[in-house]
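Novice: Line by line, the protein sequences give chains A and B.
Read left to right, the first sequence gives residues 1 to 919 (full-length UniProt numbering).
Read left to right, the second sequence gives residues 1 to 180 (full-length UniProt numbering).
In short, the hints are calculated from the structure, not lab data.
Note that the Cβ used here is the ideal one computed from N, Cα and C, for glycine as well.
Careful, some of the hints might be misleading.
Using 27 Å as the maximum straight-line C-alpha spacing, the simulated DSS-like pairs for lysine-lysine come out as follows [what the hints assert, rightly or not]:
1. 265/A / 29/B
2. 29/B / 680/A
3. 699/A / 62/B
4. 699/A / 65/B
5. 108/A / 29/B
Per the computed footprint, the stretches of chain A lying under chain B, defined by three or more beta-carbons under 8 Å from a beta-carbon of chain B, are [said to hold, decoys possible]:
6. 48–59
7. 71–84
8. 327–339
9. 464–478
10. 687–698
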Amino acid sequence: MKLFVSCGSPQCLKVLAAAERAGLRREELQEAGPEDPVVPFLNHPRLPALKLDSGNVLFSANAICQFFFLSLGEEPNDSTNQWLEWEATQLQPVVLVALYHHVVQGKKGEEVLGTIRKQLTYIDDSLAQNGKPYLTDDRESVADVVLWGTLYPLISDSSCFLEELKSFQRWFQQMNLLEPCIKAVEFMLKGKGCQVFKSHLQKRPFPVITLEKPASDEPEDGESAEQIFSEEEIAAAVEIWMRGTAACPKLHQRQHPILPLDNEKNILITSALPYVNNVPHLGNIIGSVLSADVFARYCRLRDWNTLYVCGTDEYGTATETKAMEEGLTPQEICDKYNLIHTEIYQWFQISFDYFGRTTTTHQTTIAQDIFCRLLERDFLLKDTVEQLRCERCQRFLADRFVEGICPFCSYEEARGDQCDKCGKLINAVELKRPQCKICKGSPVIKSSKHLFLDLPKLEERLEMWLEQTLAQGDWTANARFISRSWIRDGLKPRCITRDLKWGTPVPLEDFKDKVFYVWFDAPIGYLSITASYTDQWEKWWKNPQQVQLYQFMAKDNVPFHSVVFPCTQLGAEDNYTLVNHLISTEYLNYEDGKFSKSRGVGVFGDMAKDTGIPADIWRFYLLFVRPEGQDSAFSWNDLMLKNNSELLNNLGNFVNRAGMFVHKYFEGCVPEMELNREDKKLLLHVTLELHQYNQMLEKVRIRDALRYILNISRLGNQYIQINEPWKRVKGIEEDRKRAGTVTGIAVNIASLLAVMLHPFMPSISVAIQEQLQAPRDLNLVAGGFMCTLPTGHKIGMVAPLFQKLEAEQIEALRKRFGGGQLENGSQELQLKTGPKPEVEVKAAAPLGDGARPADPQKVKELTEEVMKQGNHVRELKAKKAEKLLIDAEVTKLLELKKQLSLVEGKTLDAPTQKGKKRK
Amino acid sequence: MRGGTAMAVPVLAELSALEKTLGLPRSNKFSALAGERLIPILQTNEGPRLVGLVTIASYLVKQAKREQLLGTSNEERAAVQQWLEYRVTRLDGRVSGEEAGGVLRELSAYLQDRVYLAGNRLTLADILAYHGLHQLMAALPLHEKERYVNVSRWFSHVQQYPGVRQHLPSIVFLKNRLYA
């Protein structure tokens with residue numbers, strides 16, 4: 001074996017590192033000039049090359065690296081293969097250009113790195129997403145060495161903008177410290193930096209090929225892709241189009257109660273049960289209920305037999321405490337907040353088939369049944385536990401009422417059950433320097449007898465089930481990762497009882513003053529809520545053969561759904577339906593900070609409607625920034641931008657133009673269409689986008705699917721722009737015909753968009769369908785892009801769908817909800833839930849008034865007054881003033897706010913939503 | 001219907017053909033990223049989606065338990081890897097004009113004393129190179145086929161290999177020399 005390298009040839013670096021790592025002997029290494037024809041059959045000399053003992057030669061640097069890794073018994077896998085392919089096809093060409101710019105042309109900084117920014121960002125994202133120190137694993141693989149070797153010459157010289165790419169930077173520096181990499185760099189660069197490549201690069205032709213845009217992960221505008229369309233493919237798209245809706249199956253009428261059916265796809269969807277004593281914030285909404293809603297609506301659109309249930313999680317200390325604070329019974333608190341939740345979700349148009357609650361007799365029956373089964377099967381342990389008790393408050397402290405320093409990562413504000421920073425679960429007594437969150441006193445440790453679920457005993461079953469489920473189901477990467485790391489860390493028995501009154505009672509004599517701990521109790525809520533919906537609930541929950549269970553949540557909830565609750569279900573041995581697909585989001589931040597229930601930071605569910613921005617716009621924006629793969633942030637400016645660019649200028653503009661043309665030039669009837677080649681290609685292109693949309697939603701990639709909708713309307717806009725029907729319609733007969741065809745196709749694309757939009761923006765979807773008089777009862781997404789509005793079809797009145805958001809309006813909203821007035825925000829929250837129904841707070845202005853510019857002076861005055869009054873109310877509350885007095889002041893505050901919002905012209909609500917609020 | 005559309009995009013058709021070659025039930029759904037170069041995607045059940053022709057093709061081979069198509073010895077496996085890379089970097093996207101001549105010259109020189117691209121058996125490298133060259137070979141006039149005789153011999157051999165050709169039309173090569 002002989003490895004030929006040349007110090008002048010950049011690709012040798014990775015090979016040297018891989019060789020060094022595999023222990024290649026010095027005498028097996030031979031230096032050559034970069035132009036030496038070591039590989040006889042290649043047109044252009046190319047190094048490195050590896051001459052094998054068989055006489056065969058490897059000339060691909062990546063293949064040589066692969067060979068060295070194989071020689072150490074390190075096998076490639078799908079992930080390393082993919083990185084190697086990406087490196088060869090996407091990264092190497094652009095790095096070569098960048099290197100040429102840098103070394104030969106002497107360009108610096110951004111001019112050089114800008115060329116490869118996209119690729120670096122891609123690596124950074126991937127690293128951030130997989131959560132591992134290296135690209136594919138916990139140690140370096142062939143992929144790491146190959147990418148590092150290609151990037152090193154360029155990056156080592158300049159690291160100016162890498163600061164924003166934290167994961168990439170961490171990875172790169174880690175690689176630089178590996179012994180083989182250090183040696184390879186010494187050998188190649190000899191401290192001279194990438195100038196050593198100069199003469200070699202100069203001799204090569206200027207690498208023009210790479211001036212083309214680097215291929216991206218997102219489909220881009222249509223034109224570039226069109227050359228690849230083949231004739232058969234176009235013909236297929238045309239055929240579907242021509243077939244029209246005649247052959248299109250009707251959607252089944254949904255009749256409650258919905259139950260699993262034989263020979264149907266039976267889909268059960270749940271979203272994490274929101275805890276009752278808080279108003280959900282935007283992060284909660286996108287994390288669970290809204291995401292689940294999109295999927296549920298999509299499933300119904302596909303005519304799959306779908307049930308979506310959710311409800312409020314009502315038991316636990318937090319409720320008890322809240323009740324004490326407000327002078328109500330826990331049940332009253334739950335009733336009150338359940339209503340608030342219900343109203344918020346109604347406003348957001350969450351399409352639950354049933355939204356229930358956990359404080360029901362079904363909950364007691366089912367939870368106690370599961371408990372008894374676990375007890376009979378010997379999966380419960382008894383033990384005495386040390387618990388934190390606050391003597392000043394006279395109570396055992398629930399986990400969420402303790403704060404302290406995390407024993408694992410030393411984060412200072414770790415909660416009693418889990419650390420927000422490292423995500424590890426904590427036993428409250430293990431916290432360093434624990435503190436009662438209510439009185440700030442130091443709690444003491446007291447002992448009490450409790451029951452534990454014997455997780456170690458169930459571990460083997462769980463692992464078997466999880467392995468199988470992960471292989472078959474659609475689990476998000478974070479859900480897989482969190483679940484696996486839980487099992488890897490080993491399971492410990494978990495306490496399932498609590499010293500409380502507000503909960504499901506433990507049906508044992510010597511535990512009669514105790515209740516089930518919420519984490520044991522709450523997931524059973526999914527079952528009991530379904531039982532409240534139908535007495536045949538077991539057809540859903542004890543039917544794993546027929547039912548596919550999709551559960552939606554934020555990532556902090558994953559362990560309870562993937563490990564703990566499945567253990568409960570497996571241990572109870574009653575043929576329960578276990579989660580098949582677990583879809584968990586990362587976190588959504590608010591502007592630059594965090595939403596926080598306890599600190600009242602950010603926009604909360606009930607305030608969203610007070611902004612005057614319609615629910616569908618909120619849905620769109622939240623779904624657009626849905627934290628898939630990594631954390632994302634809600635930003636007011638971005639909301640405005642996305643509304644104005646994507647909705648108003650792209651989607652709305654297209655749909656409106658298409659409809660207007662039909663209206664204005666063709667008396668409201670879809671004109672005759674004669675397809676030419678360009679039209680046919682467009683049909684195919686739309687079909688392909690639709691196909692992607694379906695594929696994404698089938699895999700619950702919600703955010704990605706939304707992009708395909710916007711792609712289609714972009715295609716539509718381009719199509720109209722190029723063909724100019726408004727000009728042609730005034731031309732000769734032939735032009736007029738062409739205008740008709742273009743208009744007809746465009747309005748049909750709009751009709752397709754309406755269907756595709758349904759899961760995301762249900763009101764807008766209906767609005768378009770009403771305007772176009774498009775069919776709504778057909779299974780239209782699965783079949784491809786067909787002509788739903790045939791020649792002669794009469795459309796209805798066309799009106800704009802979206803309104804522009806103005807900078808001043810957004811600025812006012814940011815001030816109102818932003819960081820500076822956080823306390824105000826949480827105050828408002830309490831006020832809303834007070835005795836005054838908040839419906840009266842806001843008079844809905846007629847549609848179209850929303851964008852009226854506000855009088856800044858007046859706004860300023862009122863804002864100040866609102867703040868002043870808010871402070872006043874807060875002071876009164878703090879002083880525990882008379883309720884009557886507080887109420888009077890609250891009324892004043894509400895009146896002021898009403899005035900303010902009128903002046904700001906914030907009420908954009910579509911009239912359709914007024915009725916619902918007053919239900 | 002979705003299968004129908006997917007079939008017509010060349011790279012997706014190629015993957016579907018490969019599935020058949022490998023005797024896999026056609027349960028995989030392929031899609032592609034539009035862009036100036038069409039990159040195929042496969043959403044697997046086990047994990048994140050796979051992107052890229054080589055990656056997906058290798059995955060399919062493993063799925064069909066035909067790992068020998070990826071090479072058996074380390075040397076062979078690296079060589080297969082090399083020619084798969086050659087396919088997506090050199091054959092794809094630049095098979096016209098002079099560049100095409102360069103590729104054919106190179107391959108012809110390499111294949112002078114060989115039957116297959118890697119090792120002494122048919123591998124995935126041959127299958128994908130065959131697909132990658134099909135369009136070019138189909139358009140090649142007879143005298144050019146003769147000029148790159150080693151490529152022609154290899155190509156003709158691979159297209160007759162059971163199960164490889166699938167939907168692609170068979171290309172005619174003459175055994176006797178006309179222009180020599």
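Novice: Any hints this thing doesn't respect? Which numbers, in order?
Specialist: 5 and 8
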